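**Student:** Sequence:
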Amino acid sequence: MNALKISQNLYLIDLEQKVKGFRNFIGSWVYIGDYTFLVDVGPSATVEELVKSLRNLGIKRLDYVLLTHIHLDHAGGIGELTEHFPEAKVVCHERAVQHLVKPQNLWESTKKTLGDIAVVYGEMRPVSEKKIIPSFEFQIDGIEAINTPGHAVHHVSYTCDRYLFAGEAGGVFHSLKNEIYQRPATPPKFYLEEAIESIDRLLNLGKKQMCFGHFGIHKDSKEILERHRKQLFLWKEVITDQVKRSSKDGDLVENCISELLAEDNSFASFNHLDDDIKERERYFIKNSIKGYIGYINYINNL
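In the working numbering, the protein residues as written are 770 to 1071.
Keep in mind that the hints were calculated from the coordinates and are not lab data.
Small disclaimer: the values here were computed from a predicted structure and weren't measured.
Note that CB positions come from ideal geometry on N, CA and C, so glycine has one too.
Please note that the accuracy of each hint is not assured.
Distance condition first, Cα-Cα at most 30 Å in a straight line; then the derived DSS-like pairs of lysine-lysine [claimed, not checked]:
id	residue 1	residue 2
1	Lys900	Lys871
2	Lys880	Lys774
3	Lys976	Lys880
4	Lys991	Lys946
5	Lys976	Lys991
6	Lys774	Lys1047
7	Lys829	Lys871
8	Lys871	Lys1059
9	Lys774	Lys991
Pair by pair, the computed Cβ-Cβ distance ranges are [to be verified]:
id	residue 1	residue 2	range
10	Asp803	Pro855	44 to 50 Å
11	Pro855	Tyr1052	22 to 28 Å
12	Lys829	Phe1002	45 to 51 Å
13	Gln867	Asn1069	31 to 37 Å
14	Pro855	Arg1051	37 to 43 Å
15	Glu852	Val888	20 to 26 Å
16	Leu1071	Asn825	50 to 56 Å
17	Ser944	Glu1032	18 to 24 Å
18	Val889	Glu966	29 to 35 Å
19	Ser776	Glu1006	36 to 42 Å
20	Glu852	Lys958	30 to 36 Å
21	Glu1032	Gly827	45 to 51 Å
22	Asp1020	Thr882	19 to 25 Å
Please work from the sequences and hints to get the whole structure.
**Tutor:** Dropping the structure here:
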């Protein structure tokens, strides 16, 4: 498991899964400073390797684990992680607390949504409620929690020092040699207005280095968030047009993909990804488009 050194106090641990293409995709951020903390822990399947990486970095104690949200690829290993670091406090959105304490319903719904991928990620173990701090109660000098629904109602971003840990509030990011691949992370149920409000909250923080949940870092949060903001509106325009044409043009989702690749330069960088990563991305691209289709049908029925 790779621990990528970003700076003297920041590392990104690549939590590669045993699924084709699931590399450079799921990460846990490690910050070492006045407080030592993780941002997200990944699935339970890779917790043991995550712990080894932390030990190799000389980390014997964690003050906090900051969860951006409780989807299994970000928080599935939290129960096991806190067994290794029992002193760590877990920070999450207040709506996520009940699912960390009693994760069975989350596990069942995730299996229905992700199928075999959920099984590879592994089942979440419960966390003691005594270890959990709802993000609205989290008051620590130097760390700020910001509610950023859009990707999920229980999504929280965090700032510390010059870094913005944005989870999936800025979509999915992949840095290529001379370009950037970026796509919306908009699974059902998706509401565009909430996603835009979340981005605007993060833009108001000023320029930071933006740390993505999927996957990597960009030096200018304002630049990449403004790009993503425009992308979200472009996807609405393109997918709305395809929804109107859908009765004539066959496979709606595939037609959306073709048009988006033609219209969205950031998304068109998909064509330069490695083949195994393309295969992985196609699954999640379809899910993001389905989120938009659900949203468009919702506003059409108002």
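**Student:** It remains to establish, for every hint, whether it holds in the given structure.
**Tutor:** Hint by hint, here is what the structure shows:
no. : hint                         : result
1   : Lys900 x Lys871              : holds, 14 Å
2   : Lys880 x Lys774              : violated, 34 Å
3   : Lys976 x Lys880              : violated, 38 Å
4   : Lys991 x Lys946              : holds, 21 Å
5   : Lys976 x Lys991              : holds, 5 Å
6   : Lys774 x Lys1047             : holds, 26 Å
7   : Lys829 x Lys871              : holds, 28 Å
8   : Lys871 x Lys1059             : holds, 29 Å
9   : Lys774 x Lys991              : holds, 23 Å
10  : Asp803 x Pro855: 44 to 50 Å  : violated, 21 Å
11  : Pro855 x Tyr1052: 22 to 28 Å : violated, 36 Å
12  : Lys829 x Phe1002: 45 to 51 Å : holds, 47 Å
13  : Gln867 x Asn1069: 31 to 37 Å : holds, 33 Å
14  : Pro855 x Arg1051: 37 to 43 Å : holds, 40 Å
15  : Glu852 x Val888: 20 to 26 Å  : holds, 22 Å
16  : Leu1071 x Asn825: 50 to 56 Å : holds, 53 Å
17  : Ser944 x Glu1032: 18 to 24 Å : holds, 22 Å
18  : Val889 x Glu966: 29 to 35 Å  : holds, 34 Å
19  : Ser776 x Glu1006: 36 to 42 Å : holds, 39 Å
20  : Glu852 x Lys958: 30 to 36 Å  : holds, 33 Å
21  : Glu1032 x Gly827: 45 to 51 Å : holds, 48 Å
22  : Asp1020 x Thr882: 19 to 25 Å : holds, 21 Å
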